[in-house]
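Enquirer: Spelled out from the first residue to the last, the chains are:
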Amino acid sequence: MLPFQPVVLWSDALLFLLLAAVLAFVRHVRRNDHLREPWRRVAGSRLGMASAVILAAYALIGLLDSLHYRPQLPIQPGQPVQYAAEVLSVFDALAEPLRTRVEETYSAPFATHLFVKKNLTQDDGRVVRDYPRLKYGGAHLQDPAQRTADIATRALRGAGWGLAAAVLAWGVAVLWLGRRREIGVMAAGRALLHDPALGGVRSALFTLGLLLLATGAVAALAGHYHVLGTDKVGQDVLYLALKSIRTGLLIGTLTTLILLPLALSLGVAAGYFGGRTDDVIQYVYTTLNSIPGVLLIAAAVLVAQVYIESNPELYDTAAARSDLRLVFLCGILGITSWTGLARLLRGETLKLRELEYIQAARAFGVSHLGILGRHILPNVSHLILITLVIDFSGLVLAEAVLSYVGVGVDPVMASWGNMINGARLELAREPVVWWQLAAAFLFMFALVLAANLFADSVRTAFDPRSAGQR
Amino acid sequence: MTAYIVRRLLYAIPILIGVNLITFALFFIVNTPDDMARIHLGAKHVTAEAIERWKREHGYDKPLFYNGEAAGVARLTDTLFVQKSLRLFVFDFGQADDGRDIGREIRERMWPSLAIALPTLLTGLAVYISFALLLVFFRATYLDLAGVVLCVVLMSISGLFYVIGGQYLLGKLWNLVPISGYQPGLDAVKFLVLPVLVGVVSGIGESTRFYRTLFLEEMHKDYVRTARAKGLAESVVLFRHVLGNAMIPILTGVVVVIPRLFLGSLIVESFFGIPGLGSYTIDAIAAQDFAIVRAMVFLGSVLYILGLLLTDLSYTLVDPRVRLE
Chain A
1 MLPFQPVVLW SDALLFLLLA AVLAFVRHVR RNDHLREPWR RVAGSRLGMA SAVILAAYAL
61 IGLLDSLHYR PQLPIQPGQP VQYAAEVLSV FDALAEPLRT RVEETYSAPF ATHLFVKKNL
121 TQDDGRVVRD YPRLKYGGAH LQDPAQRTAD IATRALRGAG WGLAAAVLAW GVAVLWLGRR
181 REIGVMAAGR ALLHDPALGG VRSALFTLGL LLLATGAVAA LAGHYHVLGT DKVGQDVLYL
241 ALKSIRTGLL IGTLTTLILL PLALSLGVAA GYFGGRTDDV IQYVYTTLNS IPGVLLIAAA
301 VLVAQVYIES NPELYDTAAA RSDLRLVFLC GILGITSWTG LARLLRGETL KLRELEYIQA
361 ARAFGVSHLG ILGRHILPNV SHLILITLVI DFSGLVLAEA VLSYVGVGVD PVMASWGNMI
421 NGARLELARE PVVWWQLAAA FLFMFALVLA ANLFADSVRT AFDPRSAGQR
Chain B
1 MTAYIVRRLL YAIPILIGVN LITFALFFIV NTPDDMARIH LGAKHVTAEA IERWKREHGY
61 DKPLFYNGEA AGVARLTDTL FVQKSLRLFV FDFGQADDGR DIGREIRERM WPSLAIALPT
121 LLTGLAVYIS FALLLVFFRA TYLDLAGVVL CVVLMSISGL FYVIGGQYLL GKLWNLVPIS
181 GYQPGLDAVK FLVLPVLVGV VSGIGESTRF YRTLFLEEMH KDYVRTARAK GLAESVVLFR
241 HVLGNAMIPI LTGVVVVIPR LFLGSLIVES FFGIPGLGSY TIDAIAAQDF AIVRAMVFLG
301 SVLYILGLLL TDLSYTLVDP RVRLE
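Chains as they are written, first to last, in my numbering: chain A, 1 to 470; chain B, 1 to 325.
Treat the hints with care, since some could be wrong.
Cut-off 30 Å, straight-line C-alpha distance, at most; resulting in silico cross-link-like pairs (DSSO-like, lysine-lysine) [unchecked claim]: (1) A:Lys351 to B:Lys221; (2) B:Lys172 to A:Lys118; (3) A:Lys135 to A:Lys118; (4) A:Lys118 to A:Lys232; (5) B:Lys172 to B:Lys190; (6) B:Lys172 to A:Lys117; (7) A:Lys232 to B:Lys172; (8) A:Lys135 to A:Lys117.
Just a sample of chain A residues kept apart from chain B, beta carbon distances all over 12 Å, derived [stated by the list, open to error]: (9) Val22; (10) Ala24; (11) Arg30; (12) Ala56; (13) Arg70; (14) Gly78; (15) Gln146; (16) Ala152; (17) Leu192; (18) Thr215; (19) Leu262; (20) Gly274.
Hints listed in this document are in silico derivations from the structure and should not be mistaken for laboratory results. Quick caveat: nothing in here was measured; it's all calculated off a predicted structure. Each residue gets a CB set at the ideal place from its N, CA and C atoms; glycine is no exception.
Between the sequences and the hints, there should be enough to build the whole structure, so can you do that?
Expert: Below is the structure:
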């Protein structure tokens, strides 16, 4: 009997489906030398590899946060086993102290005292109005004056662990290089430091090192302080920002599941078959395109919301309900954003269709499906890849705007858009509550910047025209 | 030319019918008037009679496509599709849930929207193109590299932060302009400075980069080599020849959005409290007033198609090779 009940939300299932597809794609690429070549160029790009490490870190947190379960409640004698209504994830279990250490309300980063004054009863019975000590943040300190020294020692100790992990990573890389090139450890180490062909690996290791250093320091501090403060209801902001990663990633990736089949089938069909098919498909995407994007999304989300409200049998927990809304949102974003890629694919297919080798294939009697799969698809795949990578950052940014408009993810779901929304009005306070905005800004900016840089290096590697341009 | 315009306008009709059908399907079939009534009445007051009354008051108590109870033509016209959806074609938007006439609201609110959107577009265009030309002029130098890096950094920041940052710095910290609000007439200027500024700055990263790529593509063409071979200074090549020839792709992107400027920007208007169409839409979304959302969707599509037509016409102005037949 498991001490927990595994829960597979819709988005989890779709995310792992997507992961499986990505792994299959990677396997396919590894087996074909001509497909590996552009990826080698990505791996040689310093910015590309540094951003890939950041993206991988985000993806790891997102995936850990997608393994859901419901913990078992304490067993009452004579009762059947009960599970909590709350759905947790593996990430929640790892970040247990962050989740459970809830203060009363706002507190600044690394604060030992609450942000607002309260009536405090002193030992002699007098009531004074002062900032009370936090329940958890810095609670281990006898005297708040020791705080700076305590933070410094803890951060250094954590960074030390991070440094050790980074050194380990460099060591593994040296061993790997030594085995691959069949050279000694010293020679491999020198090559790793100086070989210009290994610039990408070097910058990846460097980024990983910095990341480990920062993670070590933050992890050492997070158990005793609220590193990024707490929000209105006392939740740790660092925890919320980390939880939002999954939401951002899902919006950026699950949308692809709807967008890609639509854009690929319709775009290629329009270009390849031409005539009536082309007319109909062009009509469909011009119509969709002519509706203002945000309004179409808003209209569809409003409708989906009503649908969810009136069909309560679709979900059993609150988490499943907000999850359903997220999946709907991804679907809607997919339906409204396939037109760009479809138009691109149509144009490219139109060009390819007239090329000699396709004409030859047709003369030999190869079926339409055969031509599409064998000759057209491989020749438009770089366009698909570039577009998907570029779209990702746009979708992450769109989530924040949509949540602000009120048609984004569920208001109770952790997301950067919801964090910004909640913190926006607090800027009018004196002194300013800035840490919630800062946290959302930092986490979103790092993800989007990494995605943009990665998209750039993918585009340079795959698009022959952009060689030499940035 | 006239024949071309007429034909293009006729093409617009099937597209608008498509838009109409999509919105109709979304708002009446997937999501029935009963659901709408239930949301507006709130959970406490939902009774069968209350729903019927709400539907009757707002004119939703009709069948979708075919009214068997009416006589003659009214069988087809006295339906939700004709009354609520087809009427949009004559710009009869009907009433909002609070009983106000949507058409009148739109006519009043489009001016503040335009007062923000037009200066933002023009200033933005001037700024982005100047920056892009500057980067192209210094291409393959460290200035160019720094500019591109800055662009990527700027475009990685969510638009919300530009608004929040602008309001905080200029409005609260430095007290230069009001944080939000609007007054008609000349007083509007001081309320418009900040939204326009935020609008321009938030677009710098993406647009400058876009125009830079566009100019770089032009730089590889034959006429540029000819111009250089004639001995023209690089600045003349860039500002006269390249800029002139890049007008076509620039126009493609710009002219198409001009008609839609009336609709305003949802984010900017609601943050800055501008009583334009953007904030009107956002309020309607928040209040789930589907009549307004429907009207705005239709209006947006009409203006988009108008934009496409204007784009084609503008080609004939900047490129003598293009003739519309």
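Enquirer: For a quick check of understanding: which of the numbered hints are violated here, in increasing order?
Expert: none
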